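> Spelled out, the chains give:
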Amino acid sequence: MKVSYYPGCTLKDKTTNLDDSTKAAAEALDIDMVELPEWTCCGATHPLTEEKIINLVPQIRILSNVRTEGNDSVTTTCAFCYNTLKRANKAVIDDPIKRQRMNAFLKDDKRIPEYDKETVYDFKEYNGETKVVHFLEILRDTIGFETLSNRVTKKLEGLKVAPYYGCQLLRPPEEVDLDDPENPSILEDFLRSLGCEVVNFPFKSECCGSYLSLSAPDAATRASHTILRSALKNGAEAVTLSCPLCYYNMDKRQDNILKLYADFSTVPVFFFTQLLALALGVDESVMGWNKHHIDPTPLLKEKGFLS
Amino acid sequence: MRAVISTRQVRSEFVARVQDLSGQDLLGCYQCGKCSAGCPMTEEMDIIPSQVIRLSQLGQEEDVLNCKTIWLCATCYQCGTRCPKGIDFSKIAEALRYLGMGKEKEVCGPNHIPTEIIAEAPQQALVSTFRKQGL
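So the sequence lines, in the order shown, correspond to chains A and B. Residue 1 is where the first sequence starts when you use the working numbering, and the numbers rise one by one after that. Residue 308 is where the second sequence starts when you use the working numbering, and the numbers rise one by one after that.
So here's chain A without its partners, still in its complex pose (with noise of 0.2 angstroms):
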C-alpha cells in the first residue's frame, strides 16, 4: 500500500526513537511510506472554541499536501497529530462554513517566490478526501493481524506487555473512531500477534496527565503513577503505548513518582512500533534504547530477545 507519512514535531526532536522504529517497520512490511516533504506542526490540540478557525488551518493545508503528492491517505504514531488531523478533516467534511473558510485560506498559499520560483501554486479545493489512518490501523486493517503474526520473525514470547491508550488515541469516539473508548483492544490485539503476553489493567485509557505535566507538574506525577501502579499490580514487566507525550509522563516522570511513592518500582516503557521492530527483527539502531530514562535493555536481555 502507498501511504504519506506524517511524523510530527516530537518525532525529529526527542523521540526518533519513535520515528526511526516506525519507519523501519514500515519497510520490514513492503509499505510504501513516504515522509511529506513539507510539513508544519499540526497544531498539537484541536481547537475547542467555535471562533479558533484559524488553529484548523495547519492540519486542513498538510491534508491538502497529500492530496498534491498524489496519495489519498496519510499515516502518523504520534497520538496527538492524529487526533488534531483526523477532528479538522470531519470538521472540514461536517461544517461547509469552516469547509468555505478553509479553503479560502489554501487559496492564498503562495510559495515564497525568492526560495521556488519554479513552482507553479495549483489551487485545488480541499474537502476532506485524505484519509486520517494511524499506524495502528495499517496494521489491524490493511496488513491483518493474522498476516502480522506470520511475517514476526523473533516471538517476544513471555514478555508481559500493558497496552496504554491514553486520551487522543481513542477521544472522542464520535470523531476520532479508533477504536471502543471506554473498552478497546487493538493493541492487546497488536501484541498478541507478536507473541507478547497481554497485561488486562483498569487505567489503560486513563489520561496520564498530558500537557499537564508542564503547568501542573505535582498532577501529571500523581496521574502516571496510578496508571503504572495499576499496570505493575496486575503483572506488567513493560508498558506500550503510542503517545511521544505518554511516553515523557510515563518514562521521564518515574524519577518524580519515585520520590513521592517510596513503594514504586520503576517499570520500562516501549512505543509499539519499537515492539514490532524488534520482533520483525529489524537492525537495533533504530530502536534508541538510550534515549530510554528506565533502560529497557535489562528486561530484554533477560528475556532472550537482545544479545
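Calculated directly from the structure, the hints in this document are not laboratory data. Treat the numbers as computed from the prediction; the structure is a model and nothing was measured. We put the CB at the ideal spot given by N, CA and C, even for glycine. Check the hints yourself; a few may be wrong.
Per the computed footprint, the stretches of chain A lying under chain B, defined by three or more beta-carbons under 8 angstroms from a beta-carbon of chain B, are [claimed, not checked]:
#1 10–24
#2 56–64
#3 212–218
Following the hints, put chain B in place on chain A, whose structure we already have.
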C-alpha cells in the same frame, strides 16, 4: 459556598456567550455528575467540572472565571465521551479561559514553566500548553 443568584445574572449575556463560544448546550446539563466522576484531575481542582457547569448556568461569572478547575483540564475528553447529554466540558472550560483572558491572567504561559522542564519536554506539550493560554 455562598452565592447570590439573581434573574439578572441567570439571563445575563455571559450564559449566552459561553454557549456560543463553546458550541455546547450549557443549559442542557442536568447535573448527573458523570463528567466529574470520570475526570482524572478532580483531586487537584477547587470545584469539580459539574459545579463549574452549574455555576455557569446561573451566571456566576466571577466564580467560574477565577477557579483553578478550568486551567487543570488536560483535554482528555473523558467527560464529553461519557456525558449522557453530549456536552463536552473541555469546550466549556476553553470558553471560560477565553472569556477570562482579558484579565491579564497568565497561568500556563512560558514564564510559569520551569526552564529544566522546557528543556526536556516534548514539543507537542509546549504547543498545547501555550495554546491553552491563548498564545
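> If a hint holds in the structure, say so; if it doesn't, say that too.
Hint check:
1. Given as covered by chain B, the stretch 10–24 of chain A passes the check, having 4 residues with a CB less than 8 angstroms from a CB of that chain where 3 are the minimum.
2. Note: the stretch 56–64 of chain A has 0 residues with beta-carbon separation from chain B under 8 angstroms; the three-residue rule is not met and the coverage is violated.
3. For the stretch 212–218 of chain A, the proposed coverage by chain B is satisfied: 7 residues have a C-beta within less than 8 angstroms of a C-beta in that chain, meeting the threshold of three.
Checked against the numbered hints above, the structure breaks only hint 2 and satisfies the rest.
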